[in-house]
Amino acid sequence: MILDIDTKLLKKNAYRVTKQRGITALRIRVPGGHLNIKYFDIIKEVAEKYGNGTVHITTRQGFEIPGISMEKIDEINELISPIIRGLKDEGVQIEDEEGGYPAAGTRNVSACIGNRVCPFANYDTTALALKIEKLIYPNDYHVKIAVTGCPNDCIKAHMQDIGIIGQVEPIYDPSRCIGCQACVKNCKRRVTGALTFENFKVVRDPNRCISCGECILKCPTSAWTRGEKYYRIVIMGRTGKKNPRLAQTFIEWADEESVLKIIKNMYDFIDKYIDKTLDKEHVGYIVDREGFKKFKEEVLKDVKLPKKAKVANHIDYTGYRYERNTIYD
Amino acid sequence: MGIELDVKSFDNALKILSKKYKIFAPVRLKGKGSFSDTDLVTYGEISSYKDIELSEKSRYSPKEVIYPITQTLFYFTEDEYKEPEIDDKGIIVFLRPCDANSYLKLDNIFLKNGPYEDNYYKRLRDKVKFFVIECTKGFSTCFCVSTGSNKFLDYDVFFRFDNDKITCDVKNDEFSYAFSGKEVEFTPEFIEKNEIEVKLPDIDKISQNLEYVFNHELWDEYTKRCIACGRCTVSCPTCSCFSMQDIFYKDNPKCGERRRVWASCMVDGFTDVAGGHSYRQKYGERMRFKVMHKIYDYKKRFGTTMCVGCGRCDDVCPEYISFIKIVSKVTDAVDRGESK
Amino acid sequence: MTNVYMPRKAEIVSIIPQTDIDYTFRLKSDILPQHGQFLQVSIPKIGEAPISISDYTDEYIELTIRKVGTVTDAIHELKPGDFLFIRGPYGHGFPVEDFKNKNVVIAAGGTGLAPVKSIINRYNRNPKEIKNLNILVGFKSPKDILFEDEIKKWKEKFDVLLTVDNGDETWTGNTGLITKFIPDLKIENPDDTIVIVVGPPMMMKFTCLEFLKRGIPEKNIWVSFERKMSCSIGKCGHCKINETYVCLEGPVFNYTKSKQLLD
Chain A
31 MILDIDTKLL
41 KKNAYRVTKQ
51 RGITALRIRV
61 PGGHLNIKYF
71 DIIKEVAEKY
81 GNGTVHITTR
91 QGFEIPGISM
101 EKIDEINELI
111 SPIIRGLKDE
121 GVQIEDEEGG
131 YPAAGTRNVS
141 ACIGNRVCPF
151 ANYDTTALAL
161 KIEKLIYPND
171 YHVKIAVTGC
181 PNDCIKAHMQ
191 DIGIIGQVEP
201 IYDPSRCIGC
211 QACVKNCKRR
221 VTGALTFENF
231 KVVRDPNRCI
241 SCGECILKCP
251 TSAWTRGEKY
261 YRIVIMGRTG
271 KKNPRLAQTF
281 IEWADEESVL
291 KIIKNMYDFI
301 DKYIDKTLDK
311 EHVGYIVDRE
321 GFKKFKEEVL
331 KDVKLPKKAK
341 VANHIDYTGY
351 RYERNTIYD
Chain B
379 MGIELDVKSF
389 DNALKILSKK
399 YKIFAPVRLK
409 GKGSFSDTDL
419 VTYGEISSYK
429 DIELSEKSRY
439 SPKEVIYPIT
449 QTLFYFTEDE
459 YKEPEIDDKG
469 IIVFLRPCDA
479 NSYLKLDNIF
489 LKNGPYEDNY
499 YKRLRDKVKF
509 FVIECTKGFS
519 TCFCVSTGSN
529 KFLDYDVFFR
539 FDNDKITCDV
549 KNDEFSYAFS
559 GKEVEFTPEF
569 IEKNEIEVKL
579 PDIDKISQNL
589 EYVFNHELWD
599 EYTKRCIACG
609 RCTVSCPTCS
619 CFSMQDIFYK
629 DNPKCGERRR
639 VWASCMVDGF
649 TDVAGGHSYR
659 QKYGERMRFK
669 VMHKIYDYKK
679 RFGTTMCVGC
689 GRCDDVCPEY
699 ISFIKIVSKV
709 TDAVDRGESK
Chain C
8 MTNVYMPRKA
18 EIVSIIPQTD
28 IDYTFRLKSD
38 ILPQHGQFLQ
48 VSIPKIGEAP
58 ISISDYTDEY
68 IELTIRKVGT
78 VTDAIHELKP
88 GDFLFIRGPY
98 GHGFPVEDFK
108 NKNVVIAAGG
118 TGLAPVKSII
128 NRYNRNPKEI
138 KNLNILVGFK
148 SPKDILFEDE
158 IKKWKEKFDV
168 LLTVDNGDET
178 WTGNTGLITK
188 FIPDLKIENP
198 DDTIVIVVGP
208 PMMMKFTCLE
218 FLKRGIPEKN
228 IWVSFERKMS
238 CSIGKCGHCK
248 INETYVCLEG
258 PVFNYTKSKQ
268 LLD
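Protein chains in written order, with this note's numbering: chain A, 31 to 359; chain B, 379 to 718; chain C, 8 to 270.
Errors might be hidden in some of the hints.
[To be verified] Here are the simulated distance ranges between beta carbons:
{"id": "1", "chain 1": "B", "residue 1": "Glu599", "chain 2": "C", "residue 2": "Glu195", "range": "45 to 53 Å"}
{"id": "2", "chain 1": "C", "residue 1": "Ser21", "chain 2": "A", "residue 2": "Lys218", "range": "40 to 48 Å"}
{"id": "3", "chain 1": "C", "residue 1": "Leu269", "chain 2": "B", "residue 2": "Lys577", "range": "21 to 29 Å"}
{"id": "4", "chain 1": "C", "residue 1": "Lys212", "chain 2": "B", "residue 2": "Glu575", "range": "37 to 45 Å"}
{"id": "5", "chain 1": "A", "residue 1": "Pro149", "chain 2": "B", "residue 2": "Thr682", "range": "36 to 44 Å"}
{"id": "6", "chain 1": "C", "residue 1": "Leu269", "chain 2": "B", "residue 2": "Glu599", "range": "12 to 20 Å"}
[To be verified] Some chain B residues well away from chain C (every beta-carbon gap over 12 Å; in silico):
{"id": "7", "residue": "Pro446"}
{"id": "8", "residue": "Tyr555"}
{"id": "9", "residue": "Asp580"}
{"id": "10", "residue": "Pro696"}
{"id": "11", "residue": "Ala711"}
These are calculated hints, taken from the structure and not from any lab test.
For every residue, glycine included, the Cβ atom is placed at its ideal position computed from N, Cα and C.
Build the full structure now, drawing on both the sequences and the hints.
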């Protein structure tokens, strides 16, 4: 049997080259980690009919179906067309529904379970993930984005190129406060100790408050209530072999519109500065090379941040390196 | 006889009444629920029919209309005590029979307990006009029939809200001028059966077996389960405890105020005495104290059960502790204890 | 409408330090309280606290106040000529009419002596009102002893047993808890003896039990309770124990009642 396969196209199509010759695996995108159960039948059919009867749940909340023969890719792409159509129906720009996934560089936008279920979440993470998916997919640039409902960061937004963390502005009505100090004690024990009790009422230190909204949850009288929704954007976190590091705060108190625009702008930045001689280049390494200042200028182009927003002047990346000389290469 | 109103004539009545009254009703505050993208249903001032929220039980009761969470008792300037003024408008409250009855329960504490009437309570309470909302179905945690708070006949005006068809019975002639519409046959109805029926304990039996009930092992469970957050007491329409606080103003320390603020027997600090001692340190003991007040000792004192059966305590408990279940356990224990 | 929370001004006439942290404040006042009643005492902007009346005449009242919190700390800063704000008296005191012509035993621990001091002084002025008075007072240590001068005076007329939990090198008197001395106390006719016990919760509990062992009928024993109070008029709920409001039905209780106050 002759196997003549363009592996670049195969990868772009969301399949992968595995250790077993001629055998591939398909990744199903699940934006926001939330999938209509009707698609399970298709995933099951692909796994049973073309795969080895198993499915792997990926770290980015997709499904990976292993043990597929590369020859069957066209058949499988046709079989999964309802899933692709589902993306299209949500507004994702896809031309050929029968052709499988049109790109795989930009990874699935993952999300914690969000406020559809979790009491701590400050917004509907699944909905935002889908909005981002519509904006950035399909795209070949290697970008990882995750959105999380609160600073607990269950989705590990701090390990992404762009992480979105839900913020809420807590509003305090002293006349409703009975001084039980549930918020004060909780903030000290579980958050950052931003609340103190003075003169029988609660005082919030905005410099310590990370706007997680726990005070609102703990309040028995609704003295603390929810103000506007905001987002903290953390950037350039990554794993990888070369220089893993946690993402750092870029902007606090951004609104949804700005978040989307900044993400969109980041693709223009990549386009402008990516080293085209390379097979691929992560956005984080581009920023490392070109500098945060340039990145900031590019991504904030035409962005109207809310008055409250705060933008970092510089970012103190640490992370770690295995060998010192990699810095100089 | 009743009067049939449409939304327009109802709104017109509110407009007329608002000249002399502040009008309160259950309202929906968008996005003000504890969890994101949820609403808070509570009591607030209204100006039209569309402001009234009837589809959901309010998280907080109407008690704060006459008994605010924070109430200034005195303003201090140097050594002078000055009582705050209140505005001269009356108070109309749209409420269900259980909540209307809760006002009578508060009356017992503030007006009848001890040798004095509480003047701060009385001056607001005296203004209240009861605009009772007909409630024939209740909600899933209601047990007002069991506590005998399902009816309230001493209303000023009684309303049936049937979608946008409104029928009212104006019992207090003082309000006749505001409501005009077609005269119709109208008999106010009250809920006769809740989904939940609770057998309240016989208070004489408790009296005879007080130590047995107080030391019963049923309370131990709540030492483990309860987190002493106070949500049950805050949402309760009949809880009335408060603490006094004196403060001086940061920007002008010579002036300040003395106020009273709701307190909760479930929350730490309620029994602290000078020198560091406190009582009922176990949460199970606090639960016992609260439950017994609601179903036993208040009744012994005033002849009526304190709890009105609104079920808010069950609705708001983050630890899923059911007051209703505790009452059943107490009744069982009392009945069994007596047969021993 | 009468404002039941409105206090009145009372001038501090003199301040008599008892220990480092217990001062007696004498206030100009014509209140004639029952023995064992209390006042709500406040300083505007600082706060209000319930304080038992330790003595009175028709010209003044005395409050013996221990420095243990925000309000009492601030009161200790005051000087003669300054004002305190008071409302009350509140609660029920000891029914001294019923004690006439009886043997009376008063057992007080620490600051518990304050609410019963006026009774002792009443009998000191008029010893014929009762058959006999026996006083047991206990303090933690010699430096905690309150009303030392008055105790000396009482010794001239009555049997006074003063004890400290822990003595020091200079202490030559009794040591040990009050309960230690009750078994040997001379009680001739328990049915005709009234016992008053005031002090910290544990002291009251065990002292009462000792007197019961001596055959004192429950109905002859009287105690006084200390509870957190905000209003003192049966509204705020802090002092409630089961069905009993300490501010209304107490702070003085007969033992037959107090033993039912489960908490």
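Right, here's what the structure says about each hint:
For the pair Glu599/B and Glu195/C, the beta carbons lie near 51 Å from each other, so the given range of 45 to 53 Å is met. Between Ser21/C and Lys218/A the Cβ separation comes to about 45 Å, which falls inside the hinted range of 40 to 48 Å. For Leu269/C and Lys577/B, the hinted distance range of 21 to 29 Å is satisfied, since their beta carbons lie about 24 Å from each other. Roughly 42 Å separates the CB atoms of Lys212/C and Glu575/B, a value that falls within the hinted 37 to 45 Å.
Taking 36 to 44 Å as the suggested C-beta distance range, the pair Pro149/A and Thr682/B conforms, at roughly 37 Å. A hinted range of 12 to 20 Å for the beta carbons of Leu269/C and Glu599/B is consistent with their spacing of about 19 Å. The beta carbon of Pro446/B sits about 15 Å from the closest Cβ of chain C, which is more than 12 Å, so the claim that it is off the interface holds. Every Cβ of chain C is farther than 12 Å from the Cβ of Tyr555/B; the closest lies at roughly 29 Å, confirming the non-interface assignment.
Asp580/B, annotated as away from the interface, keeps every beta carbon of chain C farther than 12 Å; the closest lies near 15 Å. Pro696/B, annotated as away from the interface, keeps every beta carbon of chain C farther than 12 Å; the closest lies near 23 Å. No Cβ of chain C comes within 12 Å of the Cβ of Ala711/B; the nearest lies about 15 Å off, and the non-interface call holds.
Of the numbered hints stated above, none is contradicted by the structure.
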